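For this one, chain A is given, so just place chain B on it according to the hints.
Residue numbers (numbering that gives the first Met the number 0), protein chains in the order written: chain A, 0 to 403; chain B, 0 to 403.
To be clear, the hints were calculated from the coordinates, so they are not data collected in a lab. The structure presented is a predicted model; accordingly, all values stated were derived computationally and were not measured. Incorrect hints may appear among the rest.
If several chains are the same, the list does not tell them apart, and a pair holds so long as it fits within one copy or across any two.
[As the list claims (entries may be wrong)] Calculated cross-link-like contacts (lysine-lysine; reagent style DSS-like; alpha-carbon spacing at most 30 Å):
1) 22 - 90
2) 310 - 65
3) 268 - 197
4) 306 - 21
5) 69 - 33
6) 65 - 22
7) 350 - 394
8) 268 - 164
9) 153 - 307
10) 197 - 164
11) 69 - 321
12) 195 - 2
13) 57 - 307
So you can see what is in the structure, the chains are spelled out below.
Number of protein chains: 2
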Amino acid sequence: MFKINENYLKLPGSYLFSTIAKKVSAYTEANPDKDIIRLGIGDVTLPLAPCVIERLHKAVDEMASKETFKGYAPDLGYEFLRDAIALNDFKMRGCDISADEIFVSDGAKSDSGNIGDIFATDNKIAVCDPVYPVYVDTNAMAGRTGVYDQDTQKWSDVIYMPCTKENNFCPEIPSQTSDIIYLCFPNNPTGTTIPKDKLQEWVDYALKVGAVIIYDAAYEAYISSDDVVHSIYECNGAKGCAIEIRSFSKNAGFTGTRLGYTVVPHDLKCNGTSLHSLWARRHGTKFNGAPYIIQAAGAQIYTEEGKKQTKEMVSYYMNNAKIIREGLIDAGYEVYGGVDAPYIWLATPDKMTSWEFFDYLLEELNIVGTPGSGFGPSGEGYFRLTAFGSYENTKRAVERIVNK
Amino acid sequence: MFKINENYLKLPGSYLFSTIAKKVSAYTEANPDKDIIRLGIGDVTLPLAPCVIERLHKAVDEMASKETFKGYAPDLGYEFLRDAIALNDFKMRGCDISADEIFVSDGAKSDSGNIGDIFATDNKIAVCDPVYPVYVDTNAMAGRTGVYDQDTQKWSDVIYMPCTKENNFCPEIPSQTSDIIYLCFPNNPTGTTIPKDKLQEWVDYALKVGAVIIYDAAYEAYISSDDVVHSIYECNGAKGCAIEIRSFSKNAGFTGTRLGYTVVPHDLKCNGTSLHSLWARRHGTKFNGAPYIIQAAGAQIYTEEGKKQTKEMVSYYMNNAKIIREGLIDAGYEVYGGVDAPYIWLATPDKMTSWEFFDYLLEELNIVGTPGSGFGPSGEGYFRLTAFGSYENTKRAVERIVNK
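Excised from the complex, chain A in its bound form (with noise of 0.2 Å):
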């Protein structure tokens, strides 16, 4: 008889997302009347930018002759979008990245789910808490992370690194020793970002103890702070010890476009073998490319104009996110976030638990938010939402907490 990864059903409850949705689907069922206003899940609301469109119209001719029909795209992905990333995500920071340490993905959750295949079983794992639940769920998935006890909602064999207001929602060095550590700036759920001296002992820890930290830097084009670092490779050091994780869901709104793209710089190497090679027959062998036209579209964000209307985008939401923080304070509220990042983290009122003042909002103000104890045990108490709604709906959900 066959066997199945055991490691699937030691998963507590379903992926975190999956079960909002499904609270909020049986809630409008029995109030179909209800305006429920959605600021939950990470998911953007502005369509995509003039000049993507204009790409995507033009790739998609491109697709319609016989002349300029793309099939299978380049194993690291279109050299004129790894050409344009290395140039103005990193050569143009100041970060030594050359186009061939790129790898062009379908998405971020792909790739970090993903990049623990290279990993052995048998590597500690340490991450945030809270957390996106995505790092933890697929190291689980793949026997990493020990047993989970329901009662302190921790797994057995992985390091818990606590990020509330004690500790400005900074992870501090851990006292055991780590393998694969888990940083993700701007953070989410917290919304707050990491100091550079701070990052930079984070990268000196890792290559004195020779782990490897898998840096998701989904959310940098919300930065607005000087003083914040948009890459791990700004860390002096950093290509020895570093994987960075991105994507074009948040800054060019393709969540529903799908694509991102993992650096793997060649000088990071565990006893002489190259994590790029790995990678790369990784990438080769279980992955067939993005789309020629979403690649396309990708590029295009590169441009002048797609530069300027992306920081539209960004601004938009992040015009949101003041609304929503500034309202908060002034409804009396504990807040955090919203100033480097879309996300805005709060403390719940009353001692209320997340999922009581999830219940709370619901029915009694008819917004959607995310549960703070969601995204591990120190996200109790903590409460998420989301600048990447639209502007009107935004400021109806602040009038009505701040009216309660």
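Same frame as chain A, but now just chain B:
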């Protein structure tokens, strides 16, 4: 120090098609004036169908307006696409597969590689020999194949089922018990099919010993013979033992557009655990859907217009197959496949090895094909040509072979 997945280091050489690409590139660099005809990789050359292009443009326009913009896709894929698949690919062939048993993905390569995630490491896999390299390579990455022997070109823990002219390229049920069986019909690389009663024997065997069949039907659109099954679910009981993988790459020319799907029936269980729930969990955690515009375009091939236009594309390629097949037979070659599949599988002449014949074709006739031994030890002495070139190039290539 972090540790890598050592299984990657056991993999021999590079992925077959990367090796070929490098050889061809070295030859063309040294001989820039030569007119190379590529009948190697199974990549299509015809542009997308007019109705697909039209739908792509319309979908792009939907992404340009706030009212019709699409963010994250539903976990399993859009219902409009899954409904069309369930109806046209299954119900209309008498297979009782429902839309919620269908998982839309970015292609059959990803799915056939990733499906291993939901199975335990200590399953015994059985593959046809020769075989599409992705099945074995991804199982090797997962640590399921033992050690590789350079001499025999076999992995110690893999059951190889020879498919040669001696058994009409139809695998025989192995004496050793297997847990996960990969079958692909119409077959890549041999271009041959399996009679329905033979496939039924495989289903019966799998049900009896508790094995699961991964059935790759990426080439089903090329079936012209009436008595060949298009889906394994045409066999009795297959829903209890088989996962089927499909692709839009070859029937609709989506190699560079990326769309596929996998069927995991609810009936398929291992000691009470449904594989559907495991794959749903993987899909929801490590993947974020195929782009909306691509899914919309994919649904178009199930319209009357789409069926007509894609059928014309298939006919075009199958005419090429006929030209190759008949030309080679006239030239005295021993030829298989090419009737219900876009691949022609020929026995190399004069006891040449597959790679010797590759070099001969490349250097003497400037034709690129694929050496049979690249697909497994029993592929030695065979060679694959594909019908995916243009009519003109196919004709010229066959003339070169015939006139030699």
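>> Are any of the numbered hints broken by this structure? If so, which, sorted upward?
In response: As far as the earlier hints go, 1, 4, 8 and 9 are violated by this structure, in ascending order.
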